[in-house]
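Asks: Spelled out from the first residue to the last, the chains are:
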Amino acid sequence: MNYSQFFSMIPEVSLLAIFVAILIFDLVATGRYRRMFHAMVCLLIIPHVYVCMEFGGKEQTLFGGMYYTNSMIALMKAMLTFGSALVILQAHRWLRSTHTYYKQGEFYILLLSTLVGMYFMLSARHFLLFYIGMELASLPLACLVAFDKYRHHSAEAGIKYVLTSMFASAAMLYGISFLYGTTGTLYFDDMIAGITGSPMQIFAMVMFFSGLGFKISLVPFHLWTADSYQGAPTVVTAYLSVISKGAAVFTLFTILTKVFAPMTAQWQLMLYILIVASITIANLFAIKQTNLKRFMAFSSISQAGYIMLAVIGGTAQGMSSMVYYILVYIVANLAVFGIIETIEHAKEGEIVRDDCNGLYKTNPRLSLLMTLALFSLAGIPPFAGFFSKFFVFMSAFDAGFIVLVFIALINTVISLYYYLLIVKAMYITPNDNPIPHVKCDLFARISLGACLLGIILLGICSFVYIGIDKLTF
Amino acid sequence: MIIPAEYYLILATVLFFIGVFGFFTRRNLISLLISTELMLNAVDINFAVFNAYCHPEHLEGFFFTMFGIGITAAETGVAIAIIINVFRNAKSIHIKNLRELKY
Chain A
1 MNYSQFFSMI PEVSLLAIFV AILIFDLVAT GRYRRMFHAM VCLLIIPHVY VCMEFGGKEQ
61 TLFGGMYYTN SMIALMKAML TFGSALVILQ AHRWLRSTHT YYKQGEFYIL LLSTLVGMYF
121 MLSARHFLLF YIGMELASLP LACLVAFDKY RHHSAEAGIK YVLTSMFASA AMLYGISFLY
181 GTTGTLYFDD MIAGITGSPM QIFAMVMFFS GLGFKISLVP FHLWTADSYQ GAPTVVTAYL
241 SVISKGAAVF TLFTILTKVF APMTAQWQLM LYILIVASIT IANLFAIKQT NLKRFMAFSS
301 ISQAGYIMLA VIGGTAQGMS SMVYYILVYI VANLAVFGII ETIEHAKEGE IVRDDCNGLY
361 KTNPRLSLLM TLALFSLAGI PPFAGFFSKF FVFMSAFDAG FIVLVFIALI NTVISLYYYL
421 LIVKAMYITP NDNPIPHVKC DLFARISLGA CLLGIILLGI CSFVYIGIDK LTF
Chain B
1001 MIIPAEYYLI LATVLFFIGV FGFFTRRNLI SLLISTELML NAVDINFAVF NAYCHPEHLE
1061 GFFFTMFGIG ITAAETGVAI AIIINVFRNA KSIHIKNLRE LKY
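Chains A and B are the protein sequences, given in the same order. Using the numbering used here, the first residue of the first sequence is number 1, and each one after it goes up by one. Using the numbering used here, the first residue of the second sequence is number 1001, and each one after it goes up by one.
No lab work stands behind these hints, which were simulated from the structure alone. The structure displayed is predicted, hence computed values, not measured ones. Built from N, CA and C at the ideal position, the CB exists for glycine as well. It is possible that some hints are incorrect.
Computed far set for chain A versus chain B, every beta-carbon distance over 12 angstroms [to be verified]: (1) Leu23; (2) Phe25; (3) Ala39; (4) Arg96; (5) His126; (6) Leu136; (7) Asp227; (8) Lys424; (9) Ile446.
Which stretches of chain B does chain A cover? Using the computed rule of at least three CB atoms under 8 angstroms from a CB of chain A, they are [claimed, not checked]: (10) 1010-1023; (11) 1027-1041; (12) 1053-1060; (13) 1069-1079; (14) 1085-1091; (15) 1094-1102.
All chains should be built: construct the whole structure from the sequences, respecting the hints.
Replies: What follows is the structure, given as structure tokens:
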């Protein structure tokens, strides 16, 4: 038995080593050491971003073609790890509260196991490995959504998430079983030879798509999104909205271009309809939301629609613009959720839009960062969000979807309206007793500072996009 | 006498759509869970049949079935745990108690 293959997948193995270290620390640490737990986890996970970039980038195929990695996949893994590190940094105050303090270790362990699952999803070149990775990424997330045991909303969100997830994965497996029946293999590389575009394979593709569509929360599969986002602890909502979505989008791109390449016309039509539906419906629903987390849920559905614009062309340009979009989306969205988490703590309850009234008076710096993040999400020029939207639109335009880009542009204007509603509430709407001044702890400061730098610099520094564009895919 | 593959496939299809129907009509969380189990089991039958009848040279379908059963068990464990949590908070597992998060 040759074990060297295991040690060739360095990002996964080192993440598992961190996982085991945390597990043991959680078992044995007491008292003084326990108070250092959070700092220790952060110190372990942040260098791992570098490990992913540095050691995972060598192009290689392992386990008889089941596992594949190259520099683009390594970059994606590093980005997901970076996002998870930001989420963990923001979680400090929540983990200190009475009901979560004693199960602090479980939070890290569940979060890291979803991250391992996403690594396998990204690297999978076989449907079995892909399925296991996807379930590993979504099952612990259900536990995380229901993490606040004594809050009814959390349990309700958890059960909605886990049942919809099971339904979607059953539909996806049904599709995979027909693909297997018609082609006789589960390897991505071998399967493409058997794909002919017969009616049964179209049916199988649609069923398969529902599984990933659920994770990305595109429109017909989005019904769980708002409820789960609102009920889950804010940190977990942040994780759900960016990290899990980013991994699923990347995997969907890989599978559509690698496996379903002979059926390009069919899936492009399907994506076309889904994108128009996602962007439009999510925008219309977002306008009437008052709860801030629910509002961000609909915003994230429409953002998912924009990301799919990069997928629909299926080109290399689409790939790099998609990865860039996910990177910008991670920093902008995590900034918004970090601020929601902070002011939620000050108010001790869910935040509705009116709570933001006059926030500028008491928390000028948080309001400024929130404004920048919302501008970035809406795509206002000097910030990173504008460039990421521009590249995504460019890739869809070059692939020939001119009407689609036009519809997306109109929707960008609509989205500007509801993002600015919050900015207006913070700066203009008068309020006699706004939320009092909140002092962020050190961990949240680091995280929000990283987000701020990302929002401003990612757009201005052109070498980021050029660097992504040069990577092999 | 060998039973033709179509019979198994029809069984699997019927089972799958009974699961879908149950998922949309039932009003009890445990029944919803059972419905999704039916769907997943239909998929397992599908894989085994395709492997045995269409592609007997490899065992990929059977392996998928075995992994599928294992993962389904894990999913059920998580779902049951969350259902118990719902019961503790709402004192019932009927769907009508899960209406606080809406619109």
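Asks: Could you run down the list of hints and mark each one as holding or not?
Replies: Structure-based check of each hint:
With 12 angstroms as the threshold on Cβ separation, the claim that A:Leu23 sits away from chain B holds: the shortest Cβ distance comes to roughly 18 angstroms. At roughly 24 angstroms, the least C-beta separation between A:Phe25 and chain B is larger than 12 angstroms, which holds for a residue marked as non-interface. Consistency note on A:Ala39: stated as away from chain B, and its beta-carbon is indeed over 12 angstroms from all of that chain's, at 30 angstroms minimum. Every CB of chain B lies more than 12 angstroms from the CB of A:Arg96, the least distance being 22 angstroms, so the non-interface label holds.
Chain B draws A:His126 into its interface by the beta-carbon criterion, the shortest separation being 9 angstroms against a cut-off of 12 angstroms. The claim that A:Leu136 is not at the interface with chain B is violated, since a C-beta of that chain comes within 12 angstroms of its own (minimum 9 angstroms). Annotated as non-interface, A:Asp227 brings its C-beta within 12 angstroms of a C-beta of chain B; the closest such distance is 4 angstroms. For A:Lys424, the requirement that its beta carbon stay farther than 12 angstroms from each beta carbon of chain B is met, with the minimum near 23 angstroms.
Here A:Ile446 stays apart from chain B, with its beta-carbon at least about 32 angstroms from theirs, past the 12 angstroms limit. Restraint check on the region 1010-1023 of chain B versus chain A: 3 residues with Cβ-Cβ distances below 8 angstroms, three needed, restraint holds. Coverage of a stretch by a chain is defined here by at least three residues with a beta carbon nearer than 8 angstroms to that chain's beta carbons; for the region 1027-1041 of chain B and chain A the count is 6, and the condition holds. Judged by the Cβ-Cβ criterion of 8 angstroms, the region 1053-1060 of chain B is covered by chain A as claimed, because 4 of its residues qualify and three suffice.
With 5 residues bearing a CB less than 8 angstroms from a CB of chain A, the region 1069-1079 of chain B meets the requirement of three and the coverage assertion stands. Given as covered by chain A, the region 1085-1091 of chain B passes the check, having 5 residues with a CB less than 8 angstroms from a CB of that chain where 3 are the minimum. With 4 residues having a Cβ less than 8 angstroms from any Cβ of chain A, the region 1094-1102 of chain B passes the three-residue criterion, so the hint holds.
Checked against the numbered hints listed earlier, the structure breaks hints 5, 6 and 7; every other hint is satisfied.
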